[in-house]
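Take the given structure of chain B and dock chain E with the ligands to it, following the hints.
Here's the letter readout for the chains.
Protein chains: 2
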Amino acid sequence: MAKVSLKPGTMLNPLPAVMVSCSDGDLDNVLTIAWTGIINSEPPITYVSVRKSRYSHQLIEKSGEFVINLVNEELVRSADYCGVKSGRNEDKFAKCNLSKIHADHVKAPLIKESPVNLECKVLEIKEYQTHDMFIAEIVAVHADEELFDDDGRIRLDLAGMVAFNHGEYFGIKRKPIGRFGFSVMKKSTKKRINREAKEKRQKRNEARKRKA
Amino acid sequence: MAKVSLKPGTMLNPLPAVMVSCSDGDLDNVLTIAWTGIINSEPPITYVSVRKSRYSHQLIEKSGEFVINLVNEELVRSADYCGVKSGRNEDKFAKCNLSKIHADHVKAPLIKESPVNLECKVLEIKEYQTHDMFIAEIVAVHADEELFDDDGRIRLDLAGMVAFNHGEYFGIKRKPIGRFGFSVMKKSTKKRINREAKEKRQKRNEARKRKA
Ligand SMILES: Cc1cc2nc3c(=O)[nH]c(=O)nc-3n(C[C@H](O)[C@H](O)[C@H](O)COP(=O)(O)O)c2cc1C
Ligand SMILES: Cc1cc2nc3c(=O)[nH]c(=O)nc-3n(C[C@H](O)[C@H](O)[C@H](O)COP(=O)(O)O)c2cc1C
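So the sequences go chain by chain: B and E. Residues in the first sequence are numbered from -9 upward in steps of one, following this note's numbering. Residues in the second sequence are numbered from -9 upward in steps of one, following this note's numbering.
No lab work stands behind these hints, which were simulated from the structure alone. Careful, some of the hints might be misleading.
Copies of the same chain are indistinguishable here, so a pair counts whether it falls within one copy or spans any two.
[Unchecked claim] The calculated lysine to aspartate or glutamate pairs, modelled on EDC-like cross-linking and capped at a C-alpha distance of 20 Å, are:
id : residue 1 : residue 2
1  : 102       : 16
2  : 75        : 127
3  : 163       : 114
4  : 163       : 147
5  : -7        : 135
6  : -3        : 139
7  : 116       : 158
8  : 116       : 127
9  : -3        : 141
10 : 163       : 63
11 : 165       : 64
12 : 163       : 64
13 : -7        : 64
14 : 165       : 147
15 : 180       : 147
16 : 193       : 94
17 : 97        : 114
18 : 176       : 140
19 : 180       : 196
20 : -7        : 141
21 : 90        : 80
22 : 190       : 94
23 : 176       : 158
24 : 42        : 32
25 : 165       : 186
Isolated chain B (complex conformation) (with noise of 0.2 Å):
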């Protein structure tokens, strides 16, 4: 395969597409952002990359906060919405039907409808030419309820989570490919999960019969 070069550009792909909700105390807002990643593992810090023209940039600059909010596959119409449209001129939470849940440690508010949601607090602004990174620490993670399998595991294959390729937005297929190291696993150690894996299931599959 040869290698055409394009002008240099933003080509990273996929990436998140995630709505971060913002508040100045009084005015909720939410916009969609693709331009974030995490930068430190413990503490956990991660960034928002945002233009100095978005109505959230002075509402994220002024209280130092806000939250990332994970979309999944229901999500995507309200995230694309919340992408396009500006919290200057309507209520992103209510045109999208949004609701909120207050947050323990900011200001900006939870949104519910979002399986995983970061509470950020801004640690440092770097200015760039056309975005603002907004380097935060997560002090806070919630998710829902639902997502937790009967170990307590949350179980974020099963959120039908989406990723943003290149322009597009897309679920993500249903059965992994595999699992971080799984191209070193010894084979016994393979059975012996994928044994588990069924034998859960199973049981899951009883318990759910048993409840019907």
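Using the frame of chain B, we list chain E with the ligands on its own:
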């Protein structure tokens, strides 16, 4: 849906999992990185956050350069391997049968098997508790010839890209949920776009038949 609170953590999902190649001019290495993202659009600025303990850390620090190689389904196994084994002990390019292509502006090689390669030059290193953030300008982009359609547009939707979701690798679904702005698109525009896409598909199929 009630919310469950978790301890603060890096729960941003899904993320890319890219293969980052680096070199000291003599020795080439590749490691896998999920802590990456776009910081600025023009000029295109990205970052990778790398633990000091990684062998690649010293190569990137010394050279001030790296290449981000995107990962598709065929590359996942290699990406995983390069994310658990260290270049300190083995040549991961050889081990994974990865081919090298000379980059235009940096010493680190492009991975030929990767659909898209971003040449990056470090602008700044920001140190955090567990990871150092290498902020870098994207100075060149290369993509597989095969990814371009008849109109010269790159079709990343057909590239079989992979997302990293809470410790597991997932393919993304074939059919997009929608394109940036789909939530506010006029019906007439949507119809026109669908018609044009259909015509293009038909043309492509006819051309294929003629060739066969
Ligand atoms: C998928 C998607 C990703 C986006 N990513 C960003 C981003 O990373 N940074 C940014 O400044 N704007 C981004 N936008 C655009 C803003 O969300 C959009 O301009 C929004 O209308 C701003 O709302 P506000 O004026 O209420 O703050 C994105 C939009 C979409 C649809
Ligand atoms: C999916 C995946 C994502 C990873 N992301 C990162 C990361 O963002 N930062 C980091 O320092 N290590 C990350 N790692 C771990 C390194 O890739 C791994 O430690 C590797 O063996 C280092 O290789 P090296 O010693 O040759 O540099 C990741 C591993 C995997 C499998």
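Violations among the numbered hints, reported as their numbers in ascending order = The structure breaks hints 2, 3, 7, 16, 18, 19, 22; every other hint is satisfied.
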